[in-house]
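Heads up: the protein sequence lines correspond to chains A and B, in order.
Start counting the first sequence at 1424; every next residue gets the next number (this note's numbering).
Start counting the second sequence at 92; every next residue gets the next number (this note's numbering).
These are calculated hints, taken from the structure and not from any lab test.
Among the hints, erroneous ones may be present.
Facing chain B, a subset of chain A residues (Cβ under 8 Å, in silico) [unchecked claim]:
hint : residue
1    : Asp-1458
2    : Ala-1478
3    : Pro-1480
4    : Val-1484
5    : Gln-1546
6    : Ser-1567
7    : Pro-1804
Ideal placement from N, C-alpha and C gives every residue a C-beta, glycine not left out.
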Amino acid sequence: MQVRIPVIVKDPIVTQYKDVQPTEQITVDDGAFLDGPVSPPSTVLDFEPGIGTLAAPARYVAPKGRSKRGTYEVKHPVSTGDPDVDHIAAAVSVFGAVHKTIKLFEEQDALGRPVVWAFGAPQLLVVPRAGDMANAYYERESHSLQFFRFSDPNDANRWIYTCNSQDIVAHETTHALLDGIAPDLYSAISPESLAIHEGVADLGALLVSLRCRDLTARVLSTTGGSIDDSSVFSGLAEEFGRALDPERLYLRNLNNDTTMRDVPDHEPHDLSTVLSGTFYTLLIKTYEDVRQQLAAKALLDPHLVSASEATFVEQAATVEQADTSTRSMPLNFGVDVRALFIAADRLKRTLVRGLDYLPPGDVNFADLARAVLASDEASHPDSSTQREWLIEEFVKRGIVSTPKELDVKTNFEHAALHGVDVDELVASDFAAYAFAQTNSAWLKIPRKTPFEVRPRLDVTKQYFHEEGTGLLREVLFKVAWSETEPNHTGHGMPKERRYRAGTTLAIGLDRAKPYVRALITSSRRDRDRNATDSLLKSLLELEQLHVSATPSSGPPTFHGLVAADVGSGVLRVKGMARMLHITGGIR
Amino acid sequence: MTDNLVVRMYNVRFGDAILITVPDKNPSTGRTTKRRILVDVGNSSEGTGSAGGGDDEVFEAVIGDILDELDGEPLDLYVMTHEHLDHAQGLFFASAKLPDLDIANRLKVRHVWMTASADLHYYDDDKHPDAEKQKREFVEMYRRVAALMAKRPTAATREFNAMLANNNPAWTGDCVEYLRTLNSDKTHYIHRTAKLRGTHPFREAKLSVWAPEEDTFDYYGRFKPLDAGAVPIPAAGAKRTPVADPLPPPGVDLGAFLGLVEARRSGVADNLLAIDKAANNTSVVFALEWRGWRLLFAGDAEIRSWKTMAREGVLKPVHFLKVSHHGSHNGTPTDAIFDAILPAVAPDNKGRHAAISTWRKTYSGIPHTPTNTRLKKRATLKSTLDNPDELFYEVTFPG
C-alpha cells in the first residue's frame, strides 16, 4: 500500500525566497497505514504542547477505486509565506520527511536492505511538538525523534517548529539510521567517532535536500548552474540558524575548507565540519566535471562516472520526479540538473556504503575514509577518479598525513574463506563464532579477549561497471571487543578506561568462491587517546559526566549528563552521543 | 584543662553535625575560654530504619551529647552552611520531636551564621535580580517535579527521593525559620565579603569566610526545559495535580509508547540535580585559624563554588579539611584547586587531616573511592563509615 504525502520543501525560509511550491509530494510505500500517520517503521505522536494528550491524528484516506495510493487528510495545506503551519499538515510533513530519508538510505544502490533500528524495535516514534526549546534530537533509549519549538525572536507571537524544516528532520532521521548501521558510535568516547555521527547527519540532510527536485532545478537555473554560488545546498536549517543569530544564514555550512588543524580536537560538532566539508567538496568536484562533460555532449569519462551509473541515476530521477513534482508536467532535466543528480547519487553511494563497511568500535575519520574508499572500489571498480579526489582531500584536511595511511587491501582470496559455507555463517551464530575464533588473529581480535559477533548483514546491492550495472550479493561480517587504555583525565578518575574496537570483513559472493572484498579494523592512535582525554576533561570540568562508583546497567539517572561507571578500576563511559544530541555538546 | 582544639564529627548517617571546641585566649586578659562552634545538624530524610541514611533516631544521642558537652554554657556560634535538610533539620526535629532533650531551655546560642541567601530580605530592593529570577524558576521547577513525583512515587529512586526531600522549600523553610529563633538578634547572613566583626566572640582564633559570594547567581546551572504536558505546572497552592497518561494510538506498541512518555519526563532528574547543586554551592565555607593550624569547613560546596574560590584567590593550604558534600566526587576539587588546599608537599610537618561524614546507599557515587584515595595521599582520612556504630570520631589539634 502507498500514500502520497505533502512534505514541506527543505526549509520554510528557502521556499519563500526561491519561489517554489512550499511542499513536494512524496510517495511512501510501507505496506500499511493508519491514522496518525502510523506505519510499520515509523509513527507520528503529536502531543499537545502544555497538555500532554495526543492531538487529533491525521486521518488516513484509503485508496479509492483502482488507485493503489491513499493519502492523509490535510484540511489546511501549507501555503507559501504562511507563518503558521497547521499541526495536521506538520504531522503529515514530518512523517513524509522521515520516510524520504529512510528510503534514500535503503535504496538498492545504497544500503540495499531495510534499515534496522538500534533500539531493537520496529517502529521509530516521531514527536513533532516535543516541548519548548531550540533543539531537536534522536534518542535511542526512547526510540524517538523529538522536535522542539521555540519562540521566534522577531515575532513573539510566533513559534518556530523545528519539525517543519526538512533539513532538521533529515538530519535527525540520519542519526537514527546511522545508529542502526554503526551502533557503537552512540557510546563512543572518541571525539572523531562522535563527530562522524554529526557529519553524516549533516550529509544525510544535504542528500535529502538535493532530492527536492523542483527546488534543485530552480536554484540551478537562477545561479547559472553554479552550486558554489548558493547556500541553498550547503547551508542547513536556515530558519533555525537565523533565529538563533540574525547574522547567520544557516545552522551549518558544509561548503568549507576546514581542516583538522582549525578545530579543537575534542569538539565533535566542530570536527564534524571537517568531514562534511570533505564530502561536500567531492560533490562539487564531481558535479562540475560531469556538468562540463554533459555540456560538451562528450561521452562521460568512465574513470569518473560510468555510462551505466549515469543512466541508472537519470532513470530513477525521472521516475521519481514525475512522482513527486507538484507541477502538472515533469521538468525537462537540463545539463546542470542531470549532473547534480548524478553527483549527488554517487555521493550517497560512496558515503552510505562506506558506513556499512565501517568497523565496530571507536572509529576515527581515517577508519571511515578507509571504509568509504574500500566500498567505493567495490561498487565502482572502474571509476577511480573520485577516490583519488577523496584521498587528496583527506590528506589536505589533515584526516591522515599520507595517502598510504588509507591503503586497504581489497578483492583478494584468503584461506580463511576456503570451504566456508557463507549461508551457514549468516544464519548460525555458532558458525559465526567458530569462524571468528578460528581466524581471530586475522580479524585482529586481541589474544584472550572476549569478543562479540554482530548479526551478519546479507545484502544485495547495485554495482556499476564500465560495461553495465547489476545486483551483486555480499555479506558483512562484523566482530567487536573492548580494550583498555590509560586514562589521563585527572579529576580523580580511574587510571584506565574502556573503549570498543572491531573488524569488518566484507565477503564478496559474485565469484565462484567467496573472496575478501575488504578487511578493515578500527585503529586507535595517540591522537585519538589525547582527544578523548581532552573531551573527558571538558565534561568533568563542566560537570557533565555522572560517574557511578560501581558498574551499572540500568537507564541513566540524569538525562543531560553522560553516564559512566567504574568496574574493576576501569572507567566505562556510556551514551556519549546521546548527551551530545540532547544538550548540543560541550560548548 | 587541655589546650587542644577538637573537631568532633558526629555520625548522623547521611548528613553533617560537627562540634568544634576551641580554647580561645583573650590577648588582653590572658584568660582562655573554651568556645564551641556547631556546624550544621541534619541528615537526609530518605532511608529510615537501621540501614537508612536518614534515620532520625540518631539525633537524640547526637544532640544529647552536644548539650552534655556544652554543660550549660551557651554555644558560641551555630553555622548553617546551606538550606538543605541534611544540614539543617536536626535541631528543628529535636525541638519538635525530642521533648526530653529540652533544647529550648538547654541550648543557648550566642551567634548564628547562615548562608547569605537565606536572609528573608536577600532579594529586597532589587538587590540580586538575576539570582532572584533563577531562584523563582528553581522553585517553580521544584513544584513541577514534586507534583509529578507525588503521582508516581514508585518511579523515583532512593537518590531521587533524597534530593527531592532535601530541596523541599517548605521543609527547609521550617528548619531555617527555627534556626533563626536560636538567636534572632544575632543571626548573621554570611558571604565572602561580609564584615565578620561582631558576628562571633572569638579573640584568638581567626575566622575567615571563603564562600559563598554575596550574589548567588553564578551558582545556578542550566535547566532542561520541560514541556508542560510532560511535566505539568501545578495550579498555585495545589499540592498535587493529577495527570492522566495518554494511551497509544492503534498501531503503536504500548511499551514503546510508555517508554517515550517516561522519557519526556526524564529531564526531571537533571533539573532536580541542578536545584540540589545550586543550594550546595551556596554553602558557607569558612576557615578557622588557631595557633598555626588552619582548618577548613567546606559544607557541601561543589565544583562551581570551588572554582569561584580559586578565582577570588582565597584558597590556602589547610591542615584540616571537612570534606565537602559527604565525599562525593563533585565535592572535592581536583588538580590545581586540590593542590591549593592540600599541596602535594605539605608546607609544614604538622600533619594534615581530612574528615568525611557520610553514609552508604543514599546517593549514588557516595562514598567515592577515587576521591578517598586522593585524599589519603595528602592527609590522614577519617570517615563516619570507619566505625559506623560509634557516635562520633574526633580530630585533635594541640595548642
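To test your reading of the hints: which numbers does this structure violate? Hints 2, 4 and 7 contradicted; others consistent.
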